[in-house]
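The whole structure should be built from the sequences, with the hints applied where relevant.
2 protein chains.
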Amino acid sequence: MCDLLLVTHNFMAKLTLASAQINTTVGDIDSNAKKIINFIKKTEKKKVDILTFPELTITGYPPEDLVHYDHFVNSNIKKLKEIARSVKNTTVIIGFVNKIKNRLYNSAAIIQNKKIKYIYNKIHLPNYGVFDEKRYFYSGDEIPILEINNVKIGISICEDIWEKDSPVSIQAKQGAQIIININSSPFEHDKHKKRINLIKKISKENNVYVFYTNQVGGQDELVFDGGSLLTNNIGEIISSSKRFDENLMIVTFNTENDSIKSKNQKENFLIKKIKLNNYENPNKETLNVAPNYSQIDSIYRALVLGTKDYIRKNNFSRVLVAISGGIDSALVAAIAANAIGPKNVMGVSLPSKYSSENSYNDAKVLCENLGMELIKIPINNIHSSFEESLEKLFNKSEPGLAEENIQSRIRGNIMMALANKFNFLLLATGNKSEMATGYGTLYGDMAGAFSCIKDVSKTMVYEICHHINRSNLSEVIPKNIMIKPPTAELKPNQLDSDSLPPYEQLDLIIKLYIEKKFSPDKIAKEFKKKFGSFNKKLIMENINLIDRNEYKRRQSPPGVKISNLALGKDRRLPISSGWKNL
Amino acid sequence: MCDLLLVTHNFMAKLTLASAQINTTVGDIDSNAKKIINFIKKTEKKKVDILTFPELTITGYPPEDLVHYDHFVNSNIKKLKEIARSVKNTTVIIGFVNKIKNRLYNSAAIIQNKKIKYIYNKIHLPNYGVFDEKRYFYSGDEIPILEINNVKIGISICEDIWEKDSPVSIQAKQGAQIIININSSPFEHDKHKKRINLIKKISKENNVYVFYTNQVGGQDELVFDGGSLLTNNIGEIISSSKRFDENLMIVTFNTENDSIKSKNQKENFLIKKIKLNNYENPNKETLNVAPNYSQIDSIYRALVLGTKDYIRKNNFSRVLVAISGGIDSALVAAIAANAIGPKNVMGVSLPSKYSSENSYNDAKVLCENLGMELIKIPINNIHSSFEESLEKLFNKSEPGLAEENIQSRIRGNIMMALANKFNFLLLATGNKSEMATGYGTLYGDMAGAFSCIKDVSKTMVYEICHHINRSNLSEVIPKNIMIKPPTAELKPNQLDSDSLPPYEQLDLIIKLYIEKKFSPDKIAKEFKKKFGSFNKKLIMENINLIDRNEYKRRQSPPGVKISNLALGKDRRLPISSGWKNL
Numbered sequence: 219m220c221d222l223l224l225v226t227h228n229f230m231a232k233l234t235l236a237s238a239q240i241n242t243t244v245g246d247i248d249s250n251a252k253k254i255i256n257f258i259k260k261t262e263k264k265k266v267d268i269l270t271f272p273e274l275t276i277t278g279y280p281p282e283d284l285v286h287y288d289h290f291v292n293s294n295i296k297k298l299k300e301i302a303r304s305v306k307n308t309t310v311i312i313g314f315v316n317k318i319k320n321r322l323y324n325s326a327a328i329i330q331n332k333k334i335k336y337i338y339n340k341i342h343l344p345n346y347g348v349f350d351e352k353r354y355f356y357s358g359d360e361i362p363i364l365e366i367n368n369v370k371i372g373i374s375i376c377e378d379i380w381e382k383d384s385p386v387s388i389q390a391k392q393g394a395q396i397i398i399n400i401n402s403s404p405f406e407h408d409k410h411k412k413r414i415n416l417i418k419k420i421s422k423e424n425n426v427y428v429f430y431t432n433q434v435g436g437q438d439e440l441v442f443d444g445g446s447l448l449t450n451n452i453g454e455i456i457s458s459s460k461r462f463d464e465n466l467m468i469v470t471f472n473t474e475n476d477s478i479k480s481k482n483q484k485e486n487f488l489i490k491k492i493k494l495n496n497y498e499n500p501n502k503e504t505l506n507v508a509p510n511y512s513q514i515d516s517i518y519r520a521l522v523l524g525t526k527d528y529i530r531k532n533n534f535s536r537v538l539v540a541i542s543g544g545i546d547s548a549l550v551a552a553i554a555a556n557a558i559g560p561k562n563v564m565g566v567s568l569p570s571k572y573s574s575e576n577s578y579n580d581a582k583v584l585c586e587n588l589g590m591e592l593i594k595i596p597i598n599n600i601h602s603s604f605e606e607s608l609e610k611l612f613n614k615s616e617p618g619l620a621e622e623n624i625q626s627r628i629r630g631n632i633m634m635a636l637a638n639k640f641n642f643l644l645l646a647t648g649n650k651s652e653m654a655t656g657y658g659t660l661y662g663d664m665a666g667a668f669s670c671i672k673d674v675s676k677t678m679v680y681e682i683c684h685h686i687n688r689s690n691l692s693e694v695i696p697k698n699i700m701i702k703p704p705t706a707e708l709k710p711n712q713l714d715s716d717s718l719p720p721y722e723q724l725d726l727i728i729k730l731y732i733e734k735k736f737s738p739d740k741i742a743k744e745f746k747k748k749f750g751s752f753n754k755k756l757i758m759e760n761i762n763l764i765d766r767n768e769y770k771r772r773q774s775p776p777g778v779k780i781s782n783l784a785l786g787k788d789r790r791l792p793i794s795s796g797w798k799n800l
Numbered sequence: 219m220c221d222l223l224l225v226t227h228n229f230m231a232k233l234t235l236a237s238a239q240i241n242t243t244v245g246d247i248d249s250n251a252k253k254i255i256n257f258i259k260k261t262e263k264k265k266v267d268i269l270t271f272p273e274l275t276i277t278g279y280p281p282e283d284l285v286h287y288d289h290f291v292n293s294n295i296k297k298l299k300e301i302a303r304s305v306k307n308t309t310v311i312i313g314f315v316n317k318i319k320n321r322l323y324n325s326a327a328i329i330q331n332k333k334i335k336y337i338y339n340k341i342h343l344p345n346y347g348v349f350d351e352k353r354y355f356y357s358g359d360e361i362p363i364l365e366i367n368n369v370k371i372g373i374s375i376c377e378d379i380w381e382k383d384s385p386v387s388i389q390a391k392q393g394a395q396i397i398i399n400i401n402s403s404p405f406e407h408d409k410h411k412k413r414i415n416l417i418k419k420i421s422k423e424n425n426v427y428v429f430y431t432n433q434v435g436g437q438d439e440l441v442f443d444g445g446s447l448l449t450n451n452i453g454e455i456i457s458s459s460k461r462f463d464e465n466l467m468i469v470t471f472n473t474e475n476d477s478i479k480s481k482n483q484k485e486n487f488l489i490k491k492i493k494l495n496n497y498e499n500p501n502k503e504t505l506n507v508a509p510n511y512s513q514i515d516s517i518y519r520a521l522v523l524g525t526k527d528y529i530r531k532n533n534f535s536r537v538l539v540a541i542s543g544g545i546d547s548a549l550v551a552a553i554a555a556n557a558i559g560p561k562n563v564m565g566v567s568l569p570s571k572y573s574s575e576n577s578y579n580d581a582k583v584l585c586e587n588l589g590m591e592l593i594k595i596p597i598n599n600i601h602s603s604f605e606e607s608l609e610k611l612f613n614k615s616e617p618g619l620a621e622e623n624i625q626s627r628i629r630g631n632i633m634m635a636l637a638n639k640f641n642f643l644l645l646a647t648g649n650k651s652e653m654a655t656g657y658g659t660l661y662g663d664m665a666g667a668f669s670c671i672k673d674v675s676k677t678m679v680y681e682i683c684h685h686i687n688r689s690n691l692s693e694v695i696p697k698n699i700m701i702k703p704p705t706a707e708l709k710p711n712q713l714d715s716d717s718l719p720p721y722e723q724l725d726l727i728i729k730l731y732i733e734k735k736f737s738p739d740k741i742a743k744e745f746k747k748k749f750g751s752f753n754k755k756l757i758m759e760n761i762n763l764i765d766r767n768e769y770k771r772r773q774s775p776p777g778v779k780i781s782n783l784a785l786g787k788d789r790r791l792p793i794s795s796g797w798k799n800l
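Protein sequences, first through last, are from chains A and B.
Plus 218 on top of the position in the first sequence (first one is 1) and you've got my numbering.
Plus 218 on top of the position in the second sequence (first one is 1) and you've got my numbering.
If you are wondering where the hints come from, they were derived from the structure by calculation, not from laboratory data.
Just to be clear, a hint being listed does not mean it is correct.
Any copy will do: because identical chains look the same in the list, a pair fits if it lies in one copy or spans two.
When the alpha-carbon atoms are kept at most 30 Å apart in a straight line, the in silico DSSO-like pairs for lysine-lysine are as follows [stated by the list, open to error]:
1. Lys418 x Lys697
2. Lys253 x Lys734
3. Lys729 x Lys332
4. Lys735 x Lys787
5. Lys259 x Lys332
6. Lys561 x Lys614
7. Lys306 x Lys412
8. Lys352 x Lys735
9. Lys319 x Lys412
10. Lys639 x Lys614
11. Lys798 x Lys746
12. Lys422 x Lys490
Printed below as a string of structure tokens:
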């Protein structure tokens with residue numbers, strides 16, 4: 219089909235748009251509203267034409283089953299009306315949960331002069347990965363185009379622009395020159411790049427400016443990295459907002475694209491035009507360029523922000539970390555110290571008879587470098603009392619996993635006792651390689667409220683530690699910790715490599731099996747490519763380890779998702795399973 | 219609109235239908251296929267016209283993210299073809315995961331004479347409660363009607379008949395006399411009744427027989443209770459299959475309803491007619507009546523089956539239970555002994571200095587009654603060694619929660635050590651009232667692989683124990699255990715009632731807040747109705763307890779879902795939440 223296009227020459231107007239990249243708290247409708255109203259006041263002074271907030275601003279995102287509570291949804295609607303009363307000349311776009319005839323929608327209210335002028339209901343609802351939006355919401359069926367200062371603007375929410383049959387192309391055909399897209403799009407190590415490429419492509423293909431607003435902050439296992447931005451109609455980023463921080467980006471620009479209208483275009487959706495009041499815009503043209511972070515830097519920032527917000531949003535101010543002298547607990551301590559300040563982080567060394575003196579010394583140097591306290595509680599006596607109590611039952615059998623786990627669980631018990639006694643939040647220190655293979659003790663080193671590096675593979679743990687040292691221009695993480703071979707120190711001379719393949723190989727299996735969902739055969743082919751050969755038995759053994767340890771992961775604390783597929787809400791596998799990967 | 223109906227007088231034929239209410243294992247494609255083929259062979263001998271298996275028979279239900287693995291889906295399709303080759307004259311209907319152009323469907327294959335004659339793709343996909351089907355599957359768009367022995371039969375899968383715009387009415391209008399519905403519908407205490415009422419209603423309204431097949435067995439937190447049945451066209455159950463067990467129900471009957479066809483009925487779906495070969499039916503009319511279980515009996519059976527299958531499907535044969543002398547561990551021990559035989563259940567008494575001698579005696583009598591072993595491991599010495607190690611740090615502060623939890627976690631450690639050493643599966647003993655309010659110690663008494671009574675409120679724990687004693691005509695659960703006031707025995711003279719309201723009140727709050735999702739105001743009204751008055755502070759305190767303890771539940775083992783809303787996959791709430799129930 220060949221569309222006939224009509225180019226409508228508009229009066230080219232200057233617009234000032236503001237993107238409030240804010241950090242809300244799920245469920246905290248009152249505080250979120252206060253923050254929203256503050257930002258509205260700020261922008262009103264600056265003669266902003268349109269101010270946008272992230273997806274589901276009032277409830278926070280994702281509110282999950284809270285929206286099944288009627289009084290929760292009512293409270294968010296009541297609060298929207300209250301916020302509306304604070305809106306003057308600036309057009310404000312706010313995300314909230316809409317209710318029409320007892321059906322819920324993920325919606326954006328368009329407010330001007332104390333009035334809700336229009337409500338857009340999200341059309342494309344993600345129901346994959348960490349998203350369950352079809353569990354909660356119905357899809358909208360109407361596509362809005364605002365007109366303000368003679369500029370036509372399309373409104374959309376998050377997934378709406380990711381789908382092939384996006385409302386954007388319809389809005390563009392209907393004359394929209396700018397597309398506003400409000401988001402709660404969580405961080406993954408390569409997602410910011412994907413987003414940028416997508417938005418550039420959409421801008422170019424549809425000859426539209428895209429004004430993209432994302433939320434920022436941690437929410438359980440998710441971190442929202444912000445990265446709000448503006449592209450022009452030839453797909454160039456002309457303004458961007460600093461990531462991993464609250465930010466109000468205000469841009470003033472002249473749209474340079476014409477409003478293009480197709481003739482006789484038929485659509486499956488209703489098109490709704492909303493004309494808003496115009497106000498004189500006294501602002502000078504201004505844009506903004508945010509710093510660019512390397513991938514490893516952005517991962518580290520995501521871990522710090524996710525950890526910080528988990529602590530803060532659960533009303534804790536201090537955390538505990540068991541410092542073993544190994545690299546995992548070193549990274550967790552560094553993240554925690556960065557997140558809430560080293561004075562609020564307490565390290566605990568819990569040596570057993572199998573711990574080397576070096577381990578304690580390394581722990582000590584680490585804590586000194588980070589500026590945090592380290593206390594020492596030897597577990598030898600407690601360990602002996604367990605051995606005595608179980609001696610008769612264990613009946614001189616060969617010590618094995620049971621005996622190793624006892625030590626780890628003594629440590630878990632002590633850490634939890636300190637946490638309970640002094641109101642610390644306990645951070646667990648397991649990495650993704652351990653969580654995947656079950657190389658960690660349930661109720662032992664896996665104990666804690668938050669497991670910061672749960673989605674960080676062992677090889678990436680090293681990379682991040684190198685990055686920390688490089689960016690601090692000093693060995694914050696002591697060299698000794700960086701170079702010694704990994705060990706759980708639960709029996710004499712134990713090394714991770716006794717039980718696990720080299721981490722380079724293990725992490726490839728984990729990436730291919732968990733994140734890429736490859737079959738063993740396909741994994742073998744990748745091994746061949748990368749290492750020149752493959753050991754099918756080794757691959758199968760580790761896949762089986764991953765499968766068998768689902769029960770442990772199900773009882774593990776949440777941690778920051780940084781990969782394309784973490785071990786959380788985005789991976790839902792049965793515990794009882796007879797699947798043999800044939 | 220008034221439909222013009224044409225009544226088509228069919229040759230009234232006799233049919234033999236068989237419902238294979240089987241217990242599959244999720245992921246175990248090979249074993250599931252073997253079982254399917256066995257049942258096919260059995261029915262072929264009995265001249266069955268149509269044999270139906272449950273929804274997603276080959277993969278087991280729910281396969282969850284396993285279907286995201288391409289080699290898993292391919293393996294299930296390959297196996298379907300292999301099974302098809304074993305099919306002779308009997309028409310066999312099998313659930314499997316279908317793949318068309320890389321889109322997955324929840325489907326039913328219709329097989330006769332080694333050939334797959336048709337594949338029906340489920341239309342209505344549940345995406346609420348424990349169900350995530352829109353995460354995995356696309357909806358079908360075609361509605362099939364089989365013709366065999368001159369009888370017209372509509373095929374549907376589970377949710378298809380629960381929805382208002384169900385394919386059943388379309389099939390009936392197209393002449394179907396029988397509706398076959400294959401299911402994987404999990405148990406809830408009142409669901410069997412709901413199902414029966416629904417099926418009766420559908421039969422009557424559409425003048426059709428409904429042949430309903432459900433799977434049986436436990437899968438993680440779900441239990442499928444079977445309850446396969448046949449209704450006639452006036453909504454009477456004329457045959458039923460024993461619940462909570464594998465069962466092959468074979469029925470032979472003459473359809474007494476006419477095939478009714480509407481004229482010029484327009485539908486949104488394609489209608490597909492499939493004519494199958496007819497074979498002479500030598501069978502005599504036979505129907506079957508299954509025993510009827512009371513609600514409390516069915517709950518108990520669900521707990522036993524769910525526990526049994528969790529143990530078995532995770533390849534364990536023996537379990538451990540910490541026997542405190544209280545009623546919760548008594549019930550768990552009784553369930554376990556019933557599930558896998560008392561010789562495979564080991565009880566462990568772990569007395570501390572706060573445990574009364576009575577507790578041990580009660581535990582002993584219980585284990586004798588059940589016929590299981592009880593061992594005793596006092597924790598006093600270990601407890602003292604913890605106290606000594608922490609003495610300086612705790613600095614003579616008032617003993618509180620931290621000190622109580624240490625004891626519970628010592629017990630958790632010992633139980634896990636025994637489980638690890640001797641390959642037991644550890645059963646946790648917390649009930650729903652405790653899980654809801656967080657009245658249990660994470661990594662302590664909450665430790666274990668499976669938490670059988672996690673969805674059973676304390677008041678229901680008593681009811682089930684009474685039921686057990688009644689049906690055994692003896693005090694299997696000793697009277698002492700039934701009548702003493704509940705206590706955690708973690709400090710001197712401690713009683714549950716020191717920290718919690720009477721269980722009758724607490725359980726009402728839990729039911730209204732968790733299961734019914736009522737607001738505090740609405741709960742207060744219900745209290746007024748039931749108790750004549752309400753204490754708003756008490757209600758709010760307990761709601762806050764429920765909200766605050768989300769982090770504990772997230773790390774708790776799975777347990778059998780028996781209520782309309784358990785504390786598992788069907789309840790997805792944020793841990794970090796600022797919601798204040800205003």
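Fill in: Intra- versus inter-copy proximity for Lys734 and Lys253 (alpha-carbon distance at most 30 Å)
neither (40 Å within a copy, 32 Å between copies)
Worksheet item: Can you tell me if Lys639 and Lys614 fall within 30 Å by alpha carbon in one copy, between copies, both or neither?
Response: between (37 Å within a copy, 12 Å between copies)
Worksheet item: Between Lys259 and Lys332, at a C-alpha cutoff of 30 Å, which is it: within one copy, between copies, both, or neither?
Response: Within one copy only: 13 Å inside, 73 Å across.
Worksheet item: How would you label the pair Lys729, Lys332 (within, between, both, or neither) given a Cα cut-off of 30 Å?
Response: Result: close neither inside a copy nor across copies, 51 Å intra and 41 Å inter.
Item to complete: Have a look at Lys418 and Lys697 and pick one of within, between, both or neither, based on CA distance no larger than 30 Å.
Response: Neither: 43 Å inside a copy, 74 Å across copies.
Item to complete: Indicate which option fits the pair Lys352, Lys735 if close means a Cα-Cα distance not exceeding 30 Å: within, between, both or neither.
Response: both (24 Å within a copy, 19 Å between copies)
Item to complete: Since the copies are identical, ignore which copy is meant and state whether Lys735 and Lys787 lie within 30 Å (CA to CA) inside a copy, between copies, both or neither.
Response: both (16 Å within a copy, 23 Å between copies)
Worksheet item: Between the shortest in-copy and the shortest cross-copy C-alpha distance, which are at most 30 Å for Lys798 and Lys746: within, between, both, or neither?
Response: Result: close within a single copy only, 22 Å intra versus 56 Å inter.
Practice prompt. Give the relationship of Lys306 and Lys412 under a CA distance limit of 30 Å: within one copy only, between copies only, both, or neither.
Written response: neither (36 Å within a copy, 53 Å between copies)
Discussion item. With identical chains, the pair Lys422 and Lys490 could be close in the same copy or across copies; at 30 Å between alpha carbons, which is it: within, between, both, or neither?
Written reply: within (24 Å within a copy, 45 Å between copies)
Worksheet item: Between copies, within a copy, both or neither: which fits Lys319 and Lys412 at Cα up to 30 Å?
Response: between (37 Å within a copy, 25 Å between copies)
Discussion item. With identical chains, the pair Lys561 and Lys614 could be close in the same copy or across copies; at 30 Å between alpha carbons, which is it: within, between, both, or neither?
Written reply: between (46 Å within a copy, 24 Å between copies)
This entry does not satisfy hints 1, 2, 3, 7, going by the numbered hints stated previously.
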